[in-house]
Amino acid sequence: MDHTDSQKPEFEKIQGFATKVIIDCDPGGDDAHAILLAQYLSKAFNVQILGLTTGGGNQTVDMVTKNSQIIIDIHGETGFLVHKGTQRDDILHIQDGFFGKDSFGGYQSKYQEINGEIGDKHLSKQTAIEFLLEQVNQYPNEITLICMGCFTNIQNALKQLPDFLEKLKNIVVMGGTHSGVGNAPNWVSEYNFHGDPNAAKQIFEKAKNITMISFDLCYDYYNNMSEQDQATIFGQNTKLANFIRQSNSQAYIKGKRYSICDQVAVAVALDPRIVLDYEQKQCKIFDDKDESTRGMVAINWIEFYNIKDQPKVNIVTKIDQKLLSMYLRDCLKDGLDVFSNFQHERQENQKALSAYLEALGIPDYLEIDPSLGSLLMIQMKHLERFPLCDLITHQNLDYDFYSLYFFTMFQSNQTLKLRLLNQQI
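Heads up: the sequence shown begins at 6 in the working numbering, then just goes up one per residue.
Hints listed in this document are in silico derivations from the structure and should not be mistaken for laboratory results.
Keep in mind that the hints are not guaranteed to be accurate.
To be verified - With a Cα cut of at most 25 Å, we get these calculated SDA-like pairs of lysine to any residue:
1) Lys213 <-> Asp335
2) Lys289 <-> Ser129
3) Lys213 <-> Gln315
4) Lys211 <-> Lys115
5) Lys323 <-> Asp335
6) Lys115 <-> Ser129
7) Lys13 <-> Thr322
8) Lys211 <-> Thr322
9) Lys289 <-> Pro190
10) Lys261 <-> Ala246
11) Lys164 <-> Lys211
12) Lys244 <-> Gly81
13) Lys289 <-> Arg93
14) Lys174 <-> Gln12
15) Lys25 <-> Gln160
16) Lys211 <-> Tyr310
17) Lys115 <-> Thr65
18) Lys213 <-> Ser184
Based on the sequences and whatever the hints tell you, model everything.
What follows is the structure in structure tokens.
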């Protein structure tokens, strides 16, 4: 369905909230942070992480599988396993890649010195393909698949189960570009799509429920972060923050920034309210026949010559960067009870805010008619700029009634129902 901007539903109504997730990954420093973020947000939103599947991408499948096992071990809380997958035969593996030779900033060696070989710890005997097929059959239309690497595992699962994609609730992809800003050797493609473009092409042509987190969206976020913003997230003196700094150390030296890509996909999958704007368009992925266009994404922005029966993709174009930064910071704090402490703090704030509103004689809801009297009432109630806190995201807010909210109210003949206090915790 097409929507004008005024009719466009909120993104969480399009995607819905995840209840069960599988993470397909190729760690990678940003994968490591993303997996820690998933473990944090899964507690916040009561989401079950069913397992990790690995595929060749940032490094060989053997290398990234070992990294995945280490991530789970470092976090210290288990409840799911790593399922080793496959890699495309001709995938490009640079000996000293973006995240270093082990794709982990040299952390594999450090881990081994302290803990010994990881061996089969946290590793399932079940392959990635076996696991994917088993889970979609066990939980049809319940699983959100978060793809943070190439699509090789997904393509192989599709070969064995033709309705595999139809049995997924959602697919959230970190990959592709929506404005041509790439990080692959041909300049215009994103690394994951460039790694296995044929698989990406097949999935995008068939899946009806894909959300794309493009590289350019992620790059715009992390490339414009100040040093202070980065330090707030990555400079914490905690076990997890130290681990993420080490696993991203080679990438930081090369780019002078911490890579924040896969983390965005996890945040969108587990808290879709983070999406502030999106488009629904058909996308075409170029295959491996021409290196200059390998893995490139063409988007039918003006919707001429739509391809019959090809689903549209949810292309995220704007995110709540403050909320994302908060999540990225908090998931690296010490203690497995960090979320419960955070939750308690928010509950105490809600009690204080409720008491404050009650003392002012202000209800949880205000129903306001579009009139001059309403404007005067707002001013008399000290609501011209009223300090509040969003009790879900823990962000400070200002309701400015000379903003678009107020303009919209006075352009409407309908009563505006303004919620001052969000009770949902």
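| query | Taking each numbered hint in turn, which are not upheld by the structure, reported in ascending numerical order? | reply | 1, 2 and 4
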